[in-house]
Each structure stands twice: as C-alpha cells, then as structure tokens.
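K.L.:
Build the full structure now, drawing on both the sequences and the hints.
Remember, this note's numbering sits 3 above the position in the sequence shown when you count from 1.
Any given hint could be a false lead.
[What the hints assert, rightly or not] Calculated pairs, SDA-like style, for lysine to any residue (alpha carbon to alpha carbon, straight line, at most 20 Å):
{"id": "1", "residue 1": "K169", "residue 2": "D340"}
{"id": "2", "residue 1": "K409", "residue 2": "H363"}
{"id": "3", "residue 1": "K169", "residue 2": "L119"}
{"id": "4", "residue 1": "K169", "residue 2": "E364"}
{"id": "5", "residue 1": "K169", "residue 2": "T151"}
{"id": "6", "residue 1": "K409", "residue 2": "D340"}
{"id": "7", "residue 1": "K409", "residue 2": "G382"}
{"id": "8", "residue 1": "K409", "residue 2": "R352"}
{"id": "9", "residue 1": "K169", "residue 2": "A239"}
{"id": "10", "residue 1": "K169", "residue 2": "A351"}
{"id": "11", "residue 1": "K169", "residue 2": "N159"}
{"id": "12", "residue 1": "K169", "residue 2": "G188"}
[Claimed, not checked] Okay, the calculated beta carbon distance ranges per label pair:
{"id": "13", "residue 1": "A313", "residue 2": "L131", "range": "57 to 63 Å"}
{"id": "14", "residue 1": "W328", "residue 2": "A411", "range": "26 to 32 Å"}
{"id": "15", "residue 1": "R416", "residue 2": "G24", "range": "46 to 52 Å"}
Keep in mind the hints are simulated off the structure, nothing from the lab.
Virtual Cβ for every residue (Gly too), placed ideally from N, Cα, C.
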Amino acid sequence: YWRGPVLDQFDGRTWRRHDPGTSSPTPAPPLYRYRLDLEPSRQDFIVALDRPLSAQLAGVRLSGDGVLIRPGRRRAPAEVVETSQAGPGSFAPLDARVWRRDTRLPEGSNPRTRALALALRLAHPRPLDLVAAVLDRFHRDPYYYTLTPPLLLSRNPVDEFLFDTKRGFCEHYASAFAVLMRDAGIPARVVTGYFGGTFNPFADDWLVRQSDAHAWDEVWIAGRGWLRIDPTAAIAPQRVDPALRDGDRTPGSFAFAGGRGASWLSQFALRIDAMRTLWRERILHYGPRAQAALLGRLRVSDADAAKLAAAMAAALALGFLWLAWLARRDLRARPRDDLRRAFAMLSARLARIGLARHAHEGPEDYARRVAVARPDLGGRIGRLCREYAALRYGAAAAPRRVRAFKAAVRAFRPRGSPSSSGTRRPSSAPPSTPG
4 YWRGPVLDQF DGRTWRRHDP GTSSPTPAPP LYRYRLDLEP SRQDFIVALD RPLSAQLAGV
64 RLSGDGVLIR PGRRRAPAEV VETSQAGPGS FAPLDARVWR RDTRLPEGSN PRTRALALAL
124 RLAHPRPLDL VAAVLDRFHR DPYYYTLTPP LLLSRNPVDE FLFDTKRGFC EHYASAFAVL
184 MRDAGIPARV VTGYFGGTFN PFADDWLVRQ SDAHAWDEVW IAGRGWLRID PTAAIAPQRV
244 DPALRDGDRT PGSFAFAGGR GASWLSQFAL RIDAMRTLWR ERILHYGPRA QAALLGRLRV
304 SDADAAKLAA AMAAALALGF LWLAWLARRD LRARPRDDLR RAFAMLSARL ARIGLARHAH
364 EGPEDYARRV AVARPDLGGR IGRLCREYAA LRYGAAAAPR RVRAFKAAVR AFRPRGSPSS
424 SGTRRPSSAP PSTPG
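P.N.:
Pasting the structure below:
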C-alpha cells in the first residue's frame, strides 16, 4: 500500500482532509529504506510505503497523520529516498480532540447506516469483532465491485449504497466502512493512495501508475493503534465485474508483467522503462564525479558528453515512437478489445440513467432488463447487444462490422440522464481510475 492523503472530515457526502500539522515519530523496527523515482505531478504529497518516517527531498515534511507533504507543483522528475516502518506506529491513546474529529458525523445523516452500526455494536462489543462483522457483510451479502455504479442522488448516499444499490468501487466501500465505524463509536478515516503496482524484472523495480489508485480505511483500536482495513478486498471474487476480472483490475490485485504469459508488447514496454531507469541511475542521478568517471571508462571526453546525452535522448525518443506505432498496430489487430471498450461505453451510458449492468448479466440478459425498464429503448438496445454478442463470441469479426458497431454505440445517447452528478470522489484523492 502506497500511502497518500488521509481524509478525516465528512459532510455526509464528501470526504476531505485537514492540515494536522507536523509530526516527528520515533522509529521502531522493522524499518524499510527505498528509493522512488517521481514523475512530474500536480500532487502536493509524495506516496510512501506503510508508515513513512522521513524523505530526503527538499521541502518535504511529515504530517501528523503520516503523509509526506511537499507543497507546490512538481514540474520535473525527482528522486527521493524514503524510510518507513511497518505496523501501526504509536500505540499511545488518541487525545480527546483527535478522537472527536475521527468519530464526528453530520447530525441526522444516513439514519439507516447509523441503525445498522448500533445493532452491530450491540452484537459485537469488541471493536475488532465489529470490524470483522462488517467485512463479512460485504463478503456474504450481494455487494458488487464495478467501475460503473449507479449514481447516488439521495440526501443520504451511504444509506443508498449500503441498502439499495450495493454496487461501487473502492471509494464507495471505504466511505461506507468509515461511516459505519464512526457510527459505532470507533475512530476511523479514509486513506487514499495506490495499491501494488507492476513488477519490472528487467529493472528489478515496481511501476506504480494512476491506474493503481486505491482507497482504504484506518481504524483506531486501543492498544493496537491505527490499523489498516481494506473493505474492497472483502468482496467475493464472483461479484467483481467480469470485464475487470478479464483486465486484471480486481480489487486487491497487482501484476507481475514480465512473466511468460505477458504479451511481447508489454515486455517491450518494460524493457523501454528499464532503459529509462538505467539512464536515470547512470547519468541523471549521478553527481559530477560519478558522471565523469563513467564517461571516462567509456573513453568519452568532456566535450563529447553533451553530444552523447543528446544522442541517447534521441535514441530513447525514437524507441518511444516505435513503441507507440507498435501499440497502435496491435490495437488495430485486436478488434475484440475495441468491442469490449465499446460495450463498456454503452453500459456506462445506460448506468447514467439508472440502468447499470449487473456483474452477472450477459449482453442479451442486460438488453431484456433494459427493455422492461425502458420500452422506448428496448429495440435499439436489443439490436446493439445482439450484435455485440455475435461479434465478440462468434467467428472472427469483420473490421467493417466492428466499426459500424462502435459508431452505433457512439451515436447512442439515451435521454433522461440525471442533470446532477452522483457520488463525488474525495476532493483530495489522486486523479485516477478508482481501485
């Protein structure tokens, strides 16, 4: 888990963060020391593993809730060496001010959630037992993981999610879990950041992308400190959207991209990234003496060093252009991927009018349910879903039919979409695809 902003203020719909000041924790083993190569970003924080203790980068401070803060936009790549510790950190009791803040909820909001939390607290007086009961509910009951959930438009969106729609992604589950804990009197907060990443065996490092963004929770347990809880990981695998399972975007998963099953294109991309890593390590991150020593071993004079750097940069740029061309050619040769994306667009547009596809539904079952709910759309949806099934699961699809299907999906814009947006993403979460 790569720790980012901590959200601890909830207005009934949106989680926000406050500035908890600066902390100087006492290190406790085991400790981790590692290096991050950061790309340019608008984010005012730097991610860290587990509980960060320090970061060797100018302007970075450690906040009171364990986040590395670096004000201002990061305009250039940067290298930072971080030190983190495993475990919950301090076991000291929370002071009264923090306890009130991390159990506070808006008066009268989400009454059904509050009633459920009180019932669970009566049945499970021990906090850890109550945590386990909520996770078991997410696992046992028909809760689904999807990136196209129905919009939550009521005044009590947590109630609507927990008791009505039961469909969402990591931020829905993290928000609902934190509200349940607070209603039960347990301090809780939402943590955003990234989970896992992709291992690159050619560089012996991990790639963490925006698509790895995730949200989870922390709860305070007396004598244990802040414990990480990931409610999204409790969802039963069979209730994860099949399209996400196919794409390895299941909650709580991460990738090893260099193995035997990886495509040649992904392996080529990893090799290019390994070249970039080597360039950073051997040239950009070297001091003047180390750079001069390396160039001396290569018998390159000072006068030629700039030319060498320019030549290597040009070669790298050509490599990226070649990779882009190969990727485009590969996508053209894989119409079924285009079909999946087009059908996902169709499902998303129907979800905006309250007709989200269930994880267990095939295209024709989905079309029949839409036709019952919206007879005016039934004929058109039926034709689109039948064509999708024929193209995706039949013989090799002719490119002309695939293009026609994609055009028909793009032209499909059902009326009746709600004018207001649904559940808003936490304002401080990194811009990303939800985890």
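K.L.:
Is it true that the CA of K409 sits at most 20 Å from the CA of H363?
P.N.:
Violated, at about 23 Å.
K.L.:
With the threshold set at 20 Å, check whether the alpha-carbon distance from K409 to G382 stays at or below it.
P.N.:
Distance ~17 Å between K409 and G382 Cα, so the pair holds.
K.L.:
Under the criterion that the straight-line Cα-Cα distance not exceed 20 Å, is the pair K169, D340 satisfied?
P.N.:
violated, 28 Å
K.L.:
Below or equal to 20 Å on CA atoms is what counts here, so check K169 against L119.
P.N.:
holds, 15 Å
K.L.:
Should the hint that W328 and A411 are 26 to 32 Å apart at their CB atoms be regarded as holding?
P.N.:
holds, 29 Å
K.L.:
Given the hinted pair K169 and T151, is their alpha-carbon gap at most 20 Å?
P.N.:
Roughly 12 Å between the alpha carbons, so the hint for K169 and T151 holds.
K.L.:
Can you tell me whether the CB distance of R416 to G24 sits inside 46 to 52 Å?
P.N.:
About 49 Å separates the Cβ atoms of R416 and G24, which means 46 to 52 Å holds.
K.L.:
Do the alpha carbons of K409 and R352 lie within 20 Å of each other, as the hint requires?
P.N.:
holds, 14 Å
K.L.:
K169 and A351 were given as a pair; does the straight-line alpha-carbon distance stay at or below 20 Å?
P.N.:
holds, 17 Å
K.L.:
Is the Cα-Cα distance between K409 and D340 20 Å or less?
P.N.:
With a Cα-Cα distance of about 12 Å, the restraint between K409 and D340 holds, given a limit of 20 Å.
K.L.:
Quick one, are K169 and E364 close enough, alpha carbons at most 20 Å?
P.N.:
holds, 16 Å
K.L.:
Given the hint of 57 to 63 Å, check if A313 and L131 actually sit that far apart at their C-beta atoms.
P.N.:
holds, 60 Å
The structure shown violates the earlier hints numbered 1, 2, 12.
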